[in-house]
Amino acid sequence: MQNYLAEIKITLRQGILDVQGKTVENSLKAIDFPMISSVRIGKFVTLAVSAENKEKALEILDAACKGLIANPIIEDYFIDIKEA
Amino acid sequence: MKFGVVTFPGSNCDHDAIFATGSMLGADVVNLWHKDTSIPNGIDCIILPGGFSYGDYLRCGAIARFSPIMKEVVDFANKGGYVMGICNGFQVLTEAGLLPGALLRNESLHFICKDVYLKTINNSSAFTNKLALDQVIRIPIAHGEGNYFADPDTIKELEDNNRVIFRYSSPDGIVEQEFNPNGSINNIAGIINDKGNVLGMMPHPERYSDKRLGCDDGIAMFESLNSFFK
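Taken in sequence, the protein lines are chains A and B. Be aware that the first sequence starts at 1, since it is given in the numbering used here, and climbs by one per residue. Be aware that the second sequence starts at 85, since it is given in the numbering used here, and climbs by one per residue.
The shape of chain B in the complex, shown without the other chains:
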């Protein structure tokens, strides 16, 4: 399969995503520039990486949403193309309206950079089919604004339709407020859209794709996509 990884000014996880998909998974991957006005043929999944696109000016993801490539990404997603937004990429997807809700300032006000545990709530998505239901994976977070918020109707829709993909949990899968690093409603760490082709998550699976970096729990997500596209 073939990935496209977008670089915005201020992206800083684009090369991690290229490394995870290209070097570790062994898939084809091309780097896309924020000023590009087309997406090359043959791309199965576009990754919007973490970072601080456009300096996080105004709101995280608010300016990136209007970069030329995003018009193409929205078209790509609306035609059924797969899009994965990680951290700042998730924030861009909510600002672009491809995913509901918004990411607020962490409840503690701190920028949090640490490993967290994610409980797999939906393993039937293209992004998680290599994970077992309720499987707990260790993945790092690094954000100041990862506190997922949406109105009660939207939350109900996400919950009722199995669109919550991951929740913050304990290492043995207990979902409680004490394992919620940022104040996200219902410990939500990642969601998908109604068609299941757009995923957003605050934690960074691409950073844990190689045992030499301490953990490779994250590679399962890229393997899931690879398996889905085979």
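Looking at chain A on its own, in the form it has when it is part of the complex:
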């Protein structure tokens, strides 16, 4: 078994209004950052996982994201993984 460290980014799905992101973007504009746009805010999860290989680890994490870590109805998730 190999240990892996994973970083999972979760954001609201494209097309869903991210009111937090919008509010932060408006505030940035108000403090003279007009060049910043498309602000979206999400969650960041780090975890360790033990699996036979990287493919298996990704499979486990994908199932964990679908099952609990993210809600695929409203969220996208991105998994980044490396050997521990």
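Think of the hints as simulated: they come from the structure by calculation, not from any bench. Where is the CB? At the ideal position from N, CA and C, for every residue including glycine. One or more of the hints may lead you astray.
What the hints assert, rightly or not - Okay, the calculated beta carbon distance ranges per label pair: (1) B:Glu260 x A:Asp80: 43 to 49 Å; (2) B:Asn246 x A:Ser38: 36 to 42 Å; (3) A:Glu52 x B:Asp244: 46 to 52 Å; (4) B:Lys279 x A:Lys29: 47 to 53 Å; (5) A:Leu58 x B:Asp237: 25 to 31 Å; (6) A:Ile60 x B:Asp237: 29 to 35 Å; (7) B:Glu260 x A:Gln20: 22 to 28 Å; (8) A:Arg13 x B:Glu260: 24 to 30 Å.
As the list claims (entries may be wrong) - Computed from the model, here is a short list of chain A residues facing chain B with C-beta under 7 Å: (9) Val19; (10) Asn71; (11) Ile73; (12) Ile74.
Model the placement of chain B on the given structure of chain A, informed by the hints.
This is chain B only, laid out in the frame that chain A set:
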């Protein structure tokens, strides 16, 4: 009839629901614990109450969905048992897949705690048969994440099949964006599943079940269930 009211860690409207169904309606009611692994015989309707189950960690309702009692609640619903999710209970039902869609952060980002007006869109459900079609009731909301979202196909299915039960409206029943407190699509405040035995709504009818609390518009929903089960 007999109600079961689930208490999760962090539920805070469980006793309001017990009060509304037991003391005000006069029905039998038992309190169910989140760790229970069975539902007592004879329960007609299970209420998942409002609150902040498991601290709303990760997403509202996401952890509660995996508590032992929820496996039983899902079985109960799939066998035709009646389930009513109020506020956090609605969020738990969407996470559990018993109702479609999800509840997003309120469009204003604020936690909103105030009375709203609900227009009755479907009064043929077990939960609303004591209300008239288009009847407007005053019910409080108290949530930060009550902005109902579902993909366009799901919304169409809900609308086409009369599964939207309540919409946020003006006191005289006008459904417009200005009366939408949280950004919900089509002012949706409550929905039912395709079989009509599972209802979810963000507003709190149990909090307005006694005139001494300022309003009893909410008791009609519990009376509807009582009438349905008679």
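> So does Glu260 of chain B sit 22 to 28 Å from Gln20 of chain A, Cβ to Cβ?
Replying inline: This hint holds: roughly 26 Å between Cβ atoms.
> Lys279 of chain B and Lys29 of chain A, beta-carbon distance inside 47 to 53 Å?
Replying inline: Holds - the Cβ-Cβ distance for Lys279 of chain B and Lys29 of chain A, about 48 Å, lies within 47 to 53 Å.
>> Can you tell me whether the CB distance of Asn246 of chain B to Ser38 of chain A sits inside 36 to 42 Å?
In response: holds, 39 Å
>> Using the nearest Cβ pair, does Ile74 of chain A come within less than 7 Å of chain B?
In response: Interface hint status for Ile74 of chain A: holds (5 Å vs cutoff 7 Å).
>> Looking only at beta-carbon atoms, does the pair Glu260 of chain B, Asp80 of chain A fall within the given range of 43 to 49 Å?
In response: About 45 Å separates the Cβ atoms of Glu260 of chain B and Asp80 of chain A, which means 43 to 49 Å holds.
> Is it true that the C-beta distance of Leu58 of chain A to Asp237 of chain B lies inside 25 to 31 Å, as the hint says?
Replying inline: holds, 29 Å
> Do Glu52 of chain A and Asp244 of chain B keep their Cβ atoms within the hinted range of 46 to 52 Å?
Replying inline: holds, 48 Å
> Per the CB criterion, is Asn71 of chain A less than 7 Å away from chain B?
Replying inline: holds, 6 Å
>> So, as I understand it, the hint says Val19 of chain A touches chain B; can you test that by seeing if any CB pair is closer than 7 Å?
In response: At about 5 Å, which falls below the 7 Å cut-off, the nearest Cβ of chain B leaves the hint on Val19 of chain A intact, so it holds.
>> Ile73 of chain A was flagged as interface toward chain B. Is the shortest Cβ-Cβ separation under 7 Å?
In response: holds, 5 Å
> Is 24 to 30 Å a correct range for the gap between the Cβ atoms of Arg13 of chain A and Glu260 of chain B?
Replying inline: holds, 27 Å
> Lying within 29 to 35 Å: is that true of the beta-carbon distance Ile60 of chain A to Asp237 of chain B?
Replying inline: Given about 30 Å between the Cβ atoms, the range holds.
Of the numbered hints stated above, none is contradicted by the structure.
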